[in-house]
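S.K.: The listed protein sequences correspond, in order, to chains A and B.
Residue numbers for the first sequence follow my numbering, so the first one is 151 and each next one is one higher.
Residue numbers for the second sequence follow my numbering, so the first one is 151 and each next one is one higher.
Hints are computed from structural coordinates only; laboratory data are not their basis.
Hints may contain errors.
Pairs involving identical chains hold if they fit within one copy or between any two copies, as the list cannot separate such chains.
Straight-line alpha carbon distances no greater than 25 Å define the calculated DSS-like cross-link-like pairs of lysine-lysine that follow [to be verified]:
(1) Lys392 to Lys277
(2) Lys322 to Lys362
(3) Lys277 to Lys174
(4) Lys209 to Lys277
(5) Lys209 to Lys328
(6) Lys195 to Lys225
(7) Lys242 to Lys209
(8) Lys152 to Lys195
(9) Lys152 to Lys242
(10) Lys292 to Lys381
(11) Lys362 to Lys328
(12) Lys277 to Lys328
The chain contents come next:
Number of protein chains: 2
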Amino acid sequence: MKRYKCIVSYDGSQFSGYQVQPNKRTVQSEIEQALATIHKGEVIKIFASGRTDAGVHAKGQVIHFDSPLSIPIEKWPIVLNGLLPDDIAILKTEIVDDHFHARFSTVGKAYQYRMYQSPIRDPLKRKYAYQVPYQLDFEAMKLAAEQLLGTHDFTSFCSAKTEVNDKVRTLKEISFYKTDEEWVIQFVGNGFLYNMVRILVGTLLEVGTGRKKPEDMRPILEKRDRSAAGKTAPAEGLYLWKVFY
Amino acid sequence: MKRYKCIVSYDGSQFSGYQVQPNKRTVQSEIEQALATIHKGEVIKIFASGRTDAGVHAKGQVIHFDSPLSIPIEKWPIVLNGLLPDDIAILKTEIVDDHFHARFSTVGKAYQYRMYQSPIRDPLKRKYAYQVPYQLDFEAMKLAAEQLLGTHDFTSFCSAKTEVNDKVRTLKEISFYKTDEEWVIQFVGNGFLYNMVRILVGTLLEVGTGRKKPEDMRPILEKRDRSAAGKTAPAEGLYLWKVFY
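The shape of chain A in the complex, shown without the other chains:
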């Protein structure tokens, strides 16, 4: 029996999120089904670095599972990709020691949030970036982002449904960059609470439109109240970019 770590990419637009749910198409159930096929029907449970919601994409989700099969390590992606639907791909597989756990061994994550500015929707981006119909003040957003860096209690920036008790996290990086047609905000931190990136983005967007100011960020953090922050930005702009171990 060996433990395998896989880097997984998926287009979240046709999934009801990562995690198995009855009668729903999920990333986890598709991968577990592919694994069951090559294990003669045996259930091989997979463990991910964390869930992603419906519509959220992944460029570098990480999972692990245990298998007794002796498939050469470089063949694993080929075998699994042959069984998986087109909107999931195993990018890389490696053998890890038995203490590795895709979720509990995580030391950090990077997310990207993509948006484009246009008064008219772009049909080709509609599932892959958030359409911002108004002009944004990115300089104000960058100032606001600086206020959010570091170690804070992020209660104001997570879903009220978050079940973990310790809501202290460290945001190491919030960087802004522009591709050919999109603005990207990259978040790197030691961990992220439920909906945290999307609420951070929603709040930064309110700074970008002038509804909130950069200096409002610290008071929002201090309130420890979800209703103090901005709206939850839509799922389609969010990408789980990389998981660090």
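Chain A is fixed; fit chain B onto it per the hints.
M.R.: Okay, now just chain B, sitting in the frame of chain A:
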């Protein structure tokens, strides 16, 4: 009654092509349905610069139609986009004179073909760029492209099903450029035959892999035989980029 010219963008992945077909979801039928809604059920026929096949995208398709409605010109896209599905958008509308015809007034078109090099598929690009799993010799492809520029009988580079008699077209530009993650080949010409861009791409790809040589292009043209050229490259990489009048 006024004639309106619209620039239209669509994500072709969920359409059975541009042109109306019974019981199929097509771009034309969606736009005509939206127009019927604002014309109290009256059928308003639209005319496009040309068809696009199933899976082919458009950034700058052009259509025209006639309407008696007195909607302010800048409101037309807003009204129509409110009725259209998310995978079509009217980018711009202008009033044109009665002699303008989206198809017959065309003097040229630009297409882009997008591809990415990777041995493993990218789930996020699968409907928007063609995955090339092997290395390509772009220098050889550029040399081959030069041989195809100019005015030629493109019988070898169109579907055997092409119905027009005159297969002489002028290719003004075939340019290669790279975005963050993709290679793009842009074709500009005075007109394109059925499947012409996809067969040009398929043939250039065979040059890129060494199966054909740049100096094979002229003999292929001279044969005037579809079977002399390469395969038809897949629809997902193709974008109708711009139509010139």
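S.K.: Indicate, hint by hint, whether the structure satisfies it.
M.R.: Verification of the hints:
In this assembly of identical chains, the alpha carbons of Lys392 and Lys277 lie at most 25 Å apart whether taken from the same copy (20 Å) or from different copies (23 Å). In the homo-oligomer, the alpha carbons of Lys322 and Lys362 lie at most 25 Å apart inside one protomer (23 Å), although the nearest pairing across protomers, at 51 Å, exceeds that limit. When the C-alpha separation of Lys277 and Lys174 is checked against a cutoff of 25 Å, the pair qualifies both within a copy, at 19 Å, and between copies, at 23 Å. Taking identical chains as interchangeable, the C-alpha atoms of Lys209 and Lys277 lie at most 25 Å apart whether they share a chain (15 Å) or sit on different chains (16 Å).
Taking the shortest Cα distances, Lys209 and Lys328 sit within 25 Å of each other both inside one copy (18 Å) and across copies (20 Å). Taking the shortest Cα distances, Lys195 and Lys225 sit within 25 Å of each other inside one copy (20 Å), while across copies they are farther apart (54 Å). Within a single copy, Lys242 and Lys209 get their C-alpha atoms as close as 12 Å, which meets the 25 Å cut-off; across copies the closest is 34 Å, which misses it. Only within a single protomer do Lys152 and Lys195 lie at most 25 Å apart by alpha-carbon distance; the minimum there is 13 Å, versus 63 Å between protomers.
In the homo-oligomer, the alpha carbons of Lys152 and Lys242 lie at most 25 Å apart inside one protomer (16 Å), although the nearest pairing across protomers, at 58 Å, exceeds that limit. Within a single copy, Lys292 and Lys381 get their C-alpha atoms as close as 18 Å, which meets the 25 Å cut-off; across copies the closest is 49 Å, which misses it. Within a single copy, Lys362 and Lys328 get their C-alpha atoms as close as 23 Å, which meets the 25 Å cut-off; across copies the closest is 39 Å, which misses it. Taking the shortest alpha-carbon separations for Lys277 and Lys328, both the intra-copy value of 19 Å and the inter-copy value of 23 Å come in at or below 25 Å.
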